[in-house]
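In the order they appear, the protein sequences are chains L and F. First residue of the first sequence: 1, per the working numbering; consecutive thereafter. First residue of the second sequence: 1, per the working numbering; consecutive thereafter.
Since the hints were derived computationally from the structure, they do not count as laboratory data. Treat the hints with caution; some may be incorrect.
To be verified - Pulled a few chain L residues facing chain F out of the computed Cβ check, cut under 8 Å: (1) Gly18; (2) Gly45; (3) Pro46; (4) Thr47.
What the hints assert, rightly or not - What follows is a set of in silico ranges between Cβ atoms, one per label pair, in the way DEER data are often shown: (5) L:Ile43 <-> F:Asp331: 22 to 28 Å; (6) F:Thr147 <-> L:Leu11: 23 to 29 Å; (7) L:Ile43 <-> F:Arg279: 34 to 40 Å.
Built from N, CA and C at the ideal position, the CB exists for glycine as well.
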Amino acid sequence: MMARIPFGYALWCLAVLGLFVGSIFYAYSPFADGGRAPAGARIYGPTHK
Amino acid sequence: MPPEAAAAPAPAVRALTCPSCGGTVTVRAAGYTVTMACLYCGSLLDVSDPDVRLITEYQQAAAATEIPLGRRGTLRGIEWEAIGYLEKSENGGYPWVEYLLFNPYHGYRWLVSDGRGWSLGEMLTSAPSGASTLRLDNESYEPFFATARAQVDYVLGEFYWRVAVGEEVETADFVRPGWMLSKEANDKEINWTLSELLDPKEMQSAFGVELPGPAWAPLPHQPSPYAGFLGPAARVAIAAALVLALLAMFMGSGNLVFSHTMPVAFDEKNFTSNVGPIRLNRPYQAIDIRTTSPDLENGWIDFDYALVSRETQASYEAYAAAERYSGRDSDGPWTEGSRGAHVKIASVPRGTYDLVVDYSGHRWSQTGAYFDPRWDDNQARHSVLIEVRQASLFAGNFWIALILLGLPLIFAAWRHLSFEKARQEQSDFGPSGLAAMFQGDDE
């Protein structure tokens, strides 16, 4: 039973690495920037104190 | 010490009559057995006496033991017969049971259970070495239960010594995963027993006992079910993390595809600059756009980008702002923000593109104290350097992958520590190692 779990974990690692390679190939990221600036929503100026 | 059965003649089965109730009692290990309890009335008999002397008479029914005496079962490839039954406790607390097993060629063994599991014990012919931590056959045993008095509460069946209810011994226990080393001492002798934790299914198969239900805590010598996973999994995780780092190193490289300097004024005037052509040769790439405004101080520049394909007119848009402020207050000078701005657009397909940049510079002069005199002249012109890089790796993806690789390992490590904490908390010596770090969690 215990021997199967590291094997399952190894499969999990392979899946993660596969997704990582896929994200490199498609240059994809859920954190990519995009879209126009929301009009009037941004506040400028220092936040220092 | 138990007699060595293998070296002695095979014992004969002997029948005798109980002097208390007249019942016929069979001595299964005749020649070795010294005392036994009558199956019918529970009287304790001295069977070493040819006339079978009555030692103690118990007018109570024999206990309904989980393993009926006389039942045979095979453990570790050897067939054993349960011939004796003891109930023990520490002055009534922490009760446990012990069955004496017998095989004419292999001698005696003990089956011990406190209701949470079964252990098969063999009495040692030599004492372990060491003081606090004991060593036996190149294995270390950590102290678990400190010295205590254990007593016999109930006895049934045959034994190789004169056992009686109320008999007391001094006990101490030492453990390593899967094994327990137990000391029992009285005025005359010190006995050491090495017990191996048995698989409940093995006990069920051998003696037909029921599988134990959920236990309130692990057994003192129960190995963590996660320990066997953590070692191999850690090696897999390290290998996967190395592969991840190599992939990031060799596949995640980027290169500068365009660089351009644009004018800017900090008078809120809008500028538009067309940067290009930008030729992208990979099937898909991330576009990394960085700007640097060396003269920016106490102000900000808004950038609106539109990366437009010359072939399809598809547009990829993004927004960034560079803000930089500085001043002085009672704590001294301070700065905030950056003169640079950075955006990254994902999954841009191969092709030729123009980057249309709409931008405007602004001053921040809320109090006037931070006003930069250079900006007083609306005709002043400053510059913004824009650099466009072709890339494929997002740092966020790398960190997400690293976290996903480690999550199962962290979960297993947490479960392992919780198990070890629950196990070691029963010890008279308290948790040790990493488990001790979590000792105060529930307090």
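Evaluation of the provided hints:
1. Checking Gly18 (chain L) against chain F by beta carbon gives a least distance of about 10 Å; that is not within 8 Å, so the hint is violated.
2. Proximity of Gly45 (chain L) to chain F holds as hinted, the smallest CB-CB distance being about 6 Å (cut-off 8 Å).
3. Residue-level restraint check for Pro46 (chain L) holds (minimum Cβ-Cβ distance to chain F is 4 Å; threshold 8 Å).
4. A cut of 8 Å between beta carbons decides the hint on Thr47 (chain L): the least distance to chain F is about 7 Å, and the hint holds.
5. A C-beta distance of roughly 24 Å is found between Ile43 (chain L) and Asp331 (chain F), which places it inside the suggested range of 22 to 28 Å.
6. At roughly 49 Å, the beta-carbon separation of Thr147 (chain F) and Leu11 (chain L) lies outside the given 23 to 29 Å, and the hint is violated.
7. Under the hint 34 to 40 Å, the C-beta atoms of Ile43 (chain L) and Arg279 (chain F), about 38 Å apart, fit the expected range.
In the structure shown, a violation is registered for the earlier hints numbered 1, 6, in ascending order.
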